[in-house]
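Given next are the chains, with one letter for each unit.
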Amino acid sequence: MTDEHRTPVSLTGLPANDPHLQPAARNPELVERVIGVCFMVGTLCLAGFGACYWIDAQPWKLGATLGGGLFFLGVGIVAWGKYLMPRGPFVEERHTLANSEADRQAFAAAIVERGGGVVQRRKLLGGLLGGGMGIFGVVAMFPLLRSLGPLPKTTLQHTDWRSGSYVVDQSGRRVQVGDLAIGSIETVFPEGTQNSDRGQAVDQTVLIRVSNEAFTTKKGRETWAPHGYVAYSKVCTHLGCPVGLYEQELQLLVCPCHQSMFNVTNGAVPQFGPAPRPLPQLPLYVDSSGYLRSQSDYHEAVGPGFWERS
Amino acid sequence: MSDVINTERAKKQALGPYGRIGQSLNELDDRLGVARGGRTFMDKIFPDHWSFMLGEIALYSFLILLVTGVFLTLYFIPSSALITYHGSYAPLDGQKMTQAFASTVNLSFGVRGGLLMRQMHHWACDIFVGAIVIHMARVFFTGAFRKPREMNWIIGSTLLILAIVNGFLGYSLPDDLVSGTGIRIAYSIILSIPLVGSYVAFWVFGGNFPGTTIIPRFFILHCLIVPLIIIGLVSAHLFLLVRQKHTQFPGNGRTEKNVVGSPMFPVFMAKTTGFLFIVGGITALLGAFAQVNPIWQFGPYDAARISYAVQPDWYMGFLDGALRIWPSWTFHNWGHTIAFNVLIPAVVLPGLIFNLVFVWPMLERKFTKDNEFHNLLDRPSNRPTRTAAGVTMLSFLSMLFIASSTDVLAKFFNLSLNTVLVSMRYLTVIVPILAFPITYRICHEIQDLHGGGRRKTPNVVTRSSEGEYSATPSPRYVDDVPSHLEATPVPTYIHEEPEESSDSGVRVVDR
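Which chain is which? The protein sequence lines are A and B, in order.
For the first sequence, this note's numbering assigns the number 3 to the initial residue and increments by one for each residue that follows.
For the second sequence, this note's numbering assigns the number 2 to the initial residue and increments by one for each residue that follows.
By construction, these hints were calculated from the structure, which means they are not laboratory data.
Don't be surprised by glycine CBs; every beta carbon is placed ideally from N, CA and C.
Any given hint could turn out to be false.
Per label pair, the in silico range of CB-to-CB distance [what the hints assert, rightly or not]:
1) Glu249(A) <-> Asp371(B): 56 to 64 Å
2) Ala142(A) <-> Trp330(B): 33 to 41 Å
3) Val114(A) <-> Val243(B): 55 to 63 Å
4) Leu127(A) <-> Gly23(B): 52 to 60 Å
5) Phe138(A) <-> Lys148(B): 56 to 64 Å
6) Gly352(B) <-> Gly133(A): 27 to 35 Å
7) Trp330(B) <-> Arg164(A): 29 to 37 Å
8) Val271(A) <-> Asn415(B): 22 to 30 Å
9) Glu57(B) <-> Val271(A): 51 to 59 Å
10) Phe240(B) <-> Ala142(A): 43 to 51 Å
11) Asn372(B) <-> Gln122(A): 52 to 60 Å
Computed, partial: chain A to chain B, Cβ under 7 Å [as the list claims (entries may be wrong)]:
12) Pro21
13) Gln24
14) Pro25
15) Gly90
16) Pro91
17) Phe92
18) Arg96
19) Cys243
20) Phe308
Extracted from the complex, chain B is given alone in its bound form:
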């Protein structure tokens, strides 16, 4: 018996203090030299703030898009070939439709879990674009785009454009009445480009609208080309994040020269993995309980049919709104037409907006003459001009977004369409102009506020036995008191026993 124990013990000793896992890691390090970098990565510090998880929502909803999207490609047929439907959805039986539409209906009703996957895919897309926008707003208002992170701002903005484009492409694939109308509008927008518009439109659509090539082309763009670019840029985005290390808010011993927070392993990894599960769970719940894009109710696309209250997905709303409220200006002379009523709101305006977004870090650097490195974030109220500019842009986009539902608003408020449209024209100009000075003013008020940013504590009023009243402020909430614990580097070893006890003959085990 003792022999066996000895061999076991000997085996254990031969494996070293970290057992089989340690042994495998050594084997890996022999070949790839990962020990040092791996340890540094495990120790990598992620600052804690709720707003830093907005980008994670975007990343994880993109993962959900990939997973659910792969499922959908197994059943979707990207073809404009006309067939007569005889499937499990009885109301459409006998109708003529494209294979794209029929296969989407089939994968919704005939494939186990198909409808859930389709709904999750659509919801994940809406969340993806939304999370990018909110993440971007966080980065903008806290000044996280400043040197050295301008490049990542540009990559992120490109990702927003790609997300919107791919969302539109995917939304168009089922070839239902609503999305087909969207493609019709996209075709007309391309047509409006001076000189080359009709050529580009014919090249994109393989001829006059609608043709039969647009669905297969959108499919390969939506499922392969654009996602590949997104994956590449997301990788670059994350690489830059790791290389340049995350920004942090000032306070509690945080400086320009350090990062304070939780280590990659295991704390951040646990939090972020759990968060992936939560985002997935919420997407699945939305897919289960909130119907989105019920194409079988819209019916197949037919260029001569139309539905009432046609709205695109939310992230296309600002474009649709701009198209609605832009006046009917057009140039028509010398045998040529320039449709300014389409060109300006649908081509020039988004071009200007995104270009402004792209160059903002450079603009700000030029105007503030601030060429320093910034790893500490700004409180938005401390940068009134930037904050006001951001609010102006967001309010402008919000007005355009609201303008995309003029018909619904008119119906809901029982107003004439004319009143709503004209009001939206004025509001789209006035609200952003007012937003700037108001935001600027509020920022200054917050700066002057005593104890701003802290939770208010109650004043306790007591009455003494003599009948005298006195008010004393109660102490600050525990969470608001800055931690007096000084941040420490992630330790290599944790001693099982307190160090001082080693003098008293107790063995210290380094594990």
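With the rest of the complex left out, here is chain A:
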């Protein structure tokens, strides 16, 4: 920045009684008194904050004293600046930031002619260096990305439900045929996963007893709901929230996040809301001792859509 582009320092003087230097307040004495009161109240509040902190008072007392202190000091300072300091208006010139044509040309020449000349004379070197930097840019991403986590492989396609998995509740107790009354609901897991992160996030399943009789939610699922027990993945097909609300009268499962609704008796077909697919149904059976078990894993990936989901 050359000197002529700087705002010149004003060397003018003004007499003390110049109107620009008078306070903006019409009654400065009154304003001064008000500001004085503000500062006193603020100081008292801050001292009170110290005292409250010392005696470990309730948080609201800490906040009230700190907030009051800062607020009153702030109001006082602003009022001081606004009403008691020279009211102006003052002005300064606004100089154009652009430099002279010669300066611009010199700058551009330095970059284009000097810099460009270097590369143009050695095109091969420039290309090689560019290639090297490009490769570096790409390979530098590898460790950064690849070390961050494993590849998904097929982990998104499967859950931990297996053929013969015992259905257990959150505390790990195996569910028996007589456990649930008609119209009740339970969150269940394949045995052994109820305390794991993955169990909670991926394997979570809602078990609903719709009736006493085995029933069919959809063609081809005749044996999936023995004794009126039907099980759906609890992971919403919209964004993966747990579908935790059961509207018994209408036989709807509702996701509290974005209000997708799934019809329990009809294969959890979405009736309303942004969910695009039914909740996957878990095929169940009752073993000879009366325990509920899964026939197999879900027949499709649970949860929201992703590219590899077939």
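On the provided structure of chain A, position chain B as indicated by the hints.
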């Protein structure tokens, strides 16, 4: 005795007219050459208008975020390790939770001033993003983004994105039931990206959701990386502001070639410092009296549990609303799935909105063919198209925001969820479309208004002794009359006595 006085006087004289402070400033100038630039900076003029303090609110709430945030990092443990809680909050005693959640509860109840700091931090964040949005609206509607300030518009818009991102990261850290659900949704949004979605999701989360790495990763992003970028961009934002000088509204001798207002020192400095205190005070009062994010009521995160009426912080509302009202479109063929119902509202839509924001200055320059420098601000009504476009965008975002509470609205108005959702779908399209012509029309009406922008003065009706009535308009309010005082450069010296008195033998002291 006289010797002492003489030495004192001699000492004083040796120090020069400005005493020890002057001497120290000279020492500083010897080494850094700051006198000239420093003086120019002290004289720097800041135009006065209430709307210019909106950006200051953002800046100061960011300072509060830094201070309260440092306090919180001293007690927060960014770990997903499961522990059994035995702390001072009895209702949660014996529950399994992550260290992140337990340490947040502990710093709220076990650390002196901890709850206040946490609440102030959360409130300051809500104020920070809000102030940025309103500041941005001011800049947009007054045309302050025009040449030469396009760069600062882009920096500011980037800051808005970073503020939202960091707000979400920080909100996620306590690992409570509500924020954990938010992370679950974020994971699913990443999953929805075609081709690379599941890879990116696994890299971000270090495996399948939830994993144990996301809290430490969010912590380092929230407390170090994103704040550093924000600090860098805020510095650039302020540097450009100083370099290009502030814009001003026309009138009262203000031109494209000058800046009229108060000088940096002491007037602006007093006002802005006081304002910092006020913003801090209000944040502390909010922290004291308005409960925010009571995580001990939500409980620790558990992927199989959920709460009713789950809403994110306000600045994520437009995304949540878009996700709620977007139809359940999805592509499913050839062994692949594209979740358009997630991809469009949560990835494409915000991408489009922010890109439009970024390129707006260039778009406007192209369409208006206006390539001039603009240091004087527009009245929004004088630029009907721009104002209408801005109102359209804001009304669209507001509709999305309202749509994020469909369940609460349905409950409050006792309507069926279906009715509310379908109405919101229509309103989100119709309201912005209507907003444009209505705003455009209002702008033109204001332009034609006689004496628009001024406060109305009463007409005084008098009855003469003959019984004749006459109405006379009363004079304009004092504040509305333009100041006839011509702006003057900040003076170097202030004469103690009126200048003319120097002829009468009274000494003029230059101080």
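So, going through the hints one by one against the coordinates:
Roughly 58 Å separates the CB atoms of Glu249(A) and Asp371(B), a value that falls within the hinted 56 to 64 Å. In this structure, Ala142(A) and Trp330(B) meet the distance hint of 33 to 41 Å, their C-beta atoms being roughly 38 Å apart. The hint said 55 to 63 Å for the Cβ distance between Val114(A) and Val243(B), and at roughly 30 Å that hint is violated. For Leu127(A) and Gly23(B), the hinted distance range of 52 to 60 Å is satisfied, since their beta carbons lie about 58 Å from each other.
For Phe138(A) and Lys148(B), the Cβ-Cβ distance of about 37 Å falls outside the hinted range of 56 to 64 Å, so the restraint is violated. Range check, Gly352(B) to Gly133(A): Cβ separation about 31 Å, and the 27 to 35 Å hint holds. One distance hint, 29 to 37 Å for the beta-carbon pair Trp330(B) and Arg164(A), holds here, with the actual separation near 34 Å. Separated by about 27 Å at the C-beta atoms, Val271(A) and Asn415(B) satisfy the suggested range of 22 to 30 Å.
At roughly 54 Å, the beta carbons of Glu57(B) and Val271(A) sit within the given window of 51 to 59 Å. Between Phe240(B) and Ala142(A) the beta carbons are some 30 Å apart, a value that contradicts the proposed interval 43 to 51 Å. Restraint check, Asn372(B) to Gln122(A): a C-beta distance of roughly 32 Å breaks the suggested window 52 to 60 Å. At a threshold of 7 Å, the smallest CB-CB gap from Pro21(A) to chain B is about 6 Å, leaving the interface hint in force.
About 10 Å separates the beta-carbon of Gln24(A) from the nearest beta-carbon of chain B, more than 7 Å, and the hint is not met. The interface hint given for Pro25(A) is broken, as the beta carbon of that residue sits about 11 Å from the closest beta carbon of chain B, more than 7 Å. Residue-level restraint check for Gly90(A) holds (minimum Cβ-Cβ distance to chain B is 6 Å; threshold 7 Å). Evaluation of the Pro91(A) hint against chain B yields a held restraint, the C-beta minimum of about 4 Å falling below 7 Å.
Because the closest C-beta pair between Phe92(A) and chain B is about 5 Å apart, less than 7 Å, the hint holds. The interface hint given for Arg96(A) holds, since its Cβ lies 5 Å from the closest Cβ of chain B, which is under the 7 Å cut-off. Interface restraint check: Cys243(A) against chain B, minimum CB-CB distance 6 Å, threshold 7 Å, status holds. Interface hint status for Phe308(A): upheld, as the beta-carbon distance to the closest one in chain B is roughly 4 Å, under 7 Å.
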